[in-house]
Amino acid sequence: MNKPIFTEKKEKYTYIKPEIENLNATVSPTLKAIFVDTAKNGEKSFIVDLQNVQFCDSSGLSALLTGNRLAEENKGSFILANVNPHVMKLIMISQLDNVLKITPTVNEAEDMLYMEELERDLDFDMDDLDID
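Counted the way the numbering used here counts, the sequence shown spans residues 1 to 132.
No wet-lab data here; the hints were simulated from the structure. Computed from a predicted structure; not experimentally measured. A few of these clues could be false.
[Unchecked claim] Below are the DMTMM-like pairs computed for lysine to aspartate or glutamate, each with C-alpha atoms no more than 25 Å apart in a straight line:
| id | residue 1 | residue 2 |
| --- | --- | --- |
| 1 | Lys9 | Glu43 |
| 2 | Lys44 | Glu73 |
| 3 | Lys9 | Glu119 |
| 4 | Lys12 | Asp57 |
| 5 | Lys75 | Glu21 |
| 6 | Lys32 | Asp57 |
[Stated by the list, open to error] Derived DEER-like restraints, expressed as beta-carbon distance ranges:
| id | residue 1 | residue 2 | range |
| --- | --- | --- | --- |
| 7 | Glu21 | Leu96 | 17 to 27 Å |
| 8 | Lys9 | Asp121 | 15 to 25 Å |
| 9 | Thr7 | Phe55 | 19 to 29 Å |
Quick reminder that beta carbons are idealized off the backbone N, C-alpha and C, glycines included.
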């Protein structure tokens, strides 16, 4: 049997793709553990590809929010891609569309991640300037 959640370390982020249709209480602890373990190993950013996920319950949303919180705490990025309309509706009803970054494709998620990284670098560089 395949792992229910595929992960791959990329240069600037960790790619996570649940290989299941239901992101629920059965799988959510595994997803949370992936986020926590990956962050403990120094990773700051995640792209989560939800292409296969057709259903998500509150425990699934909680797992995604854990990943988002860890990325924010580590000054990284957390971006969802390929979100199914049913899952998107739940995100919107929960008013998490203002909290989570969501893109239509993984390529767009990568672009957003790189832009956020550039912005963080520019903010850091500007803070280093001694301007009176």
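Consistency of the hints with the structure:
1. Taking the CA atoms of Lys9 and Glu43, the gap is near 9 Å; set against the 25 Å cutoff, the hint holds.
2. Under the criterion of a C-alpha separation no larger than 25 Å, the hint pairing Lys44 with Glu73 is consistent with the structure, at around 8 Å.
3. A distance of roughly 22 Å separates the Cα atoms of Lys9 and Glu119; the hinted pair therefore holds under the 25 Å criterion.
4. Between Lys12 and Asp57 the CA atoms are separated by roughly 29 Å; this puts the pair beyond 25 Å, and the hint is violated.
5. With a CA separation close to 30 Å, the supplied pair Lys75 and Glu21 exceeds the 25 Å bound.
6. Of the pairs offered as hints, the one joining Lys32 and Asp57 holds, with about 14 Å between alpha carbons and a cut-off of 25 Å not exceeded.
7. At roughly 20 Å, the beta-carbon separation of Glu21 and Leu96 lies within the given 17 to 27 Å, and the hint holds.
8. The given range of 15 to 25 Å is respected by Lys9 and Asp121, whose C-beta atoms sit roughly 21 Å from each other.
9. In this structure, Thr7 and Phe55 meet the distance hint of 19 to 29 Å, their C-beta atoms being roughly 21 Å apart.
In summary, the structure is inconsistent with hints 4, 5 from the numbered list given earlier, while agreeing with the others.
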